[in-house]
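So the sequence lines, in the order shown, correspond to chains A and B. According to my numbering, the residues represented by the first sequence are 1 to 183, in order. According to my numbering, the residues represented by the second sequence are 1 to 305, in order.
FYI, nobody ran anything at the bench for these hints, they're computed from the structure. Fair warning: there could be bad hints in the mix.
[Claimed, not checked] Dumping the calculated SDA-like pairs for lysine to any residue here, alpha-carbon to alpha-carbon at most 25 Å:
(1) B:67 x A:83
(2) B:67 x A:17
(3) B:67 x A:75
(4) B:199 x B:273
(5) B:67 x A:58
(6) B:199 x B:214
(7) B:67 x A:13
(8) B:67 x A:56
Keep in mind it's a predicted model, so treat the numbers as computed, not measured.
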Amino acid sequence: MLESEQLGAALRQRDEHALAEVYDRYGRTVYALALRITGDAGAAEEISIDSFWQLWQQAERFDVAQGSLLNWLLTIARSRAIDRVRARGARKRVQALDPTDVNHARPPDEAAELSQRRLLVRQAMETLPPAQRTALSLAYYEGLSHSQIAERLQEPLGTVKTRIRQAMGVLRRSLAPVLTTSQ
Amino acid sequence: MKNHEDIQADLPLYALGSLDADERQAIDQHLTEGCDSCARELQTWRDVVGMVPLEIPEVAPSGLKAKLLARVRAETATSAAPAHRPRTVARRRIGWAAPFALAALALLALATYQEIGWRAERERDAQVVANLEAERTRQATVVAELQRELEAARGNLATVSAALAARENDVASLRAALANAEQSLSILQARGLSLVALKETKDAPPAAGHVLLSAPTGRALFYAFDLPQVPADKTYELWWITEKQGPVQAGLFQPDARGLGRVEATVPEDAGAIQAAAVTIEAAGGVPKPQGPMVLIGTVGSSPS
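Bound-form chain A, shown alone (with noise of 0.2 Å):
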């Protein structure tokens, strides 16, 4: 397996196989979340593409030491995501999905190490009180700030900063395993 480093050196010299390793990685973590943003598989589609697109075109730019690969990536096509619904101006229904083409498992430290993170994130927001964890999600997956939530929510501004620094706060706490190695 290579390591997120060499991965990141073979995309700078433009290795495509190293891209394949990405994709297979991550695809469809990031494909999840465009679907997750857009309800729309066929933008989720696109965004996805674009977003591995671009870290391809960008590849000499991206430096290991600034974050995961992962994180990049799905910084990039969250906010792709969310252009594209403001863009379109209202949110569709999510859409069924085809069933999966898994076309290669993904090496096996990588997956655990990913799947320790999936449970752990998804522990602590099992945790959150409800009006914590729809403060969080507004935020990050409708890209609203804290003065749309709180009109969104009618709730006071200082309520809704407060929610979401908790729940940021739950996640820090709970995540601090795989964020200390991480760094």
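For chain A, the structure is supplied; the task is to place chain B on it using the hints.
Just chain B now, kept in the frame of chain A:
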């Protein structure tokens, strides 16, 4: 102007991208001024934000990888790098430049190369299938386990509900018993209590009863013992045999499973002295004057049995 602590408190919100423009600018400025601790802190918050979408289950879209790689190859083919030119061009060049033997060798090498590639692909596919099988088996086990837990939980719930219903019944019975006891006690605690003992009449099955009569309060308590059940369209009726009005209705009752009957009655005010108490069997709902067979009788002044 925000201080360092304010800025630090806003960093998670900044990483999330949810601050309004002016707040964002304040942080940008603070970071450009070179606050290392805030920069490190921000990186951690960005890592946290980056993990938020991991709560979403993965979705594998069909054929997306092929589309991505096709786009990359199309770009590579149109770019200048000769090393990335399509294979067909290279092969044609060999065909022009070298003898047939060399071309054949090249084709053989290509075929071998492809065969190796295919074999690797097949092995990878087999591995994928094996992994999927393993995952499916694992998930089936988890589902079965959850179903068992659900069944067990349902069973527990039913048991608890039944126990609760039984308790509620107990409480209701105890309340009723307590009310009866209080009623009996209040009569017993009054002055001027007299007791009328009742026995079965000549042709009736053996039974007994007694009346606690409290003349000053005008209240009375009647108990019957060993009375058989009557059909649903019949009832036992208690009578006061009075000096002025003859038999006066005192109350209806059905004995319980032990043959115990109970009536709380009042003493009629202007019917004169009560001379006796009697029980007859009447049509359900009772009658104003006795018509049915008398089963218990007892006169006032007679001693308790």
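Q. Which numbered hints does this structure break?
A. Violated: none.
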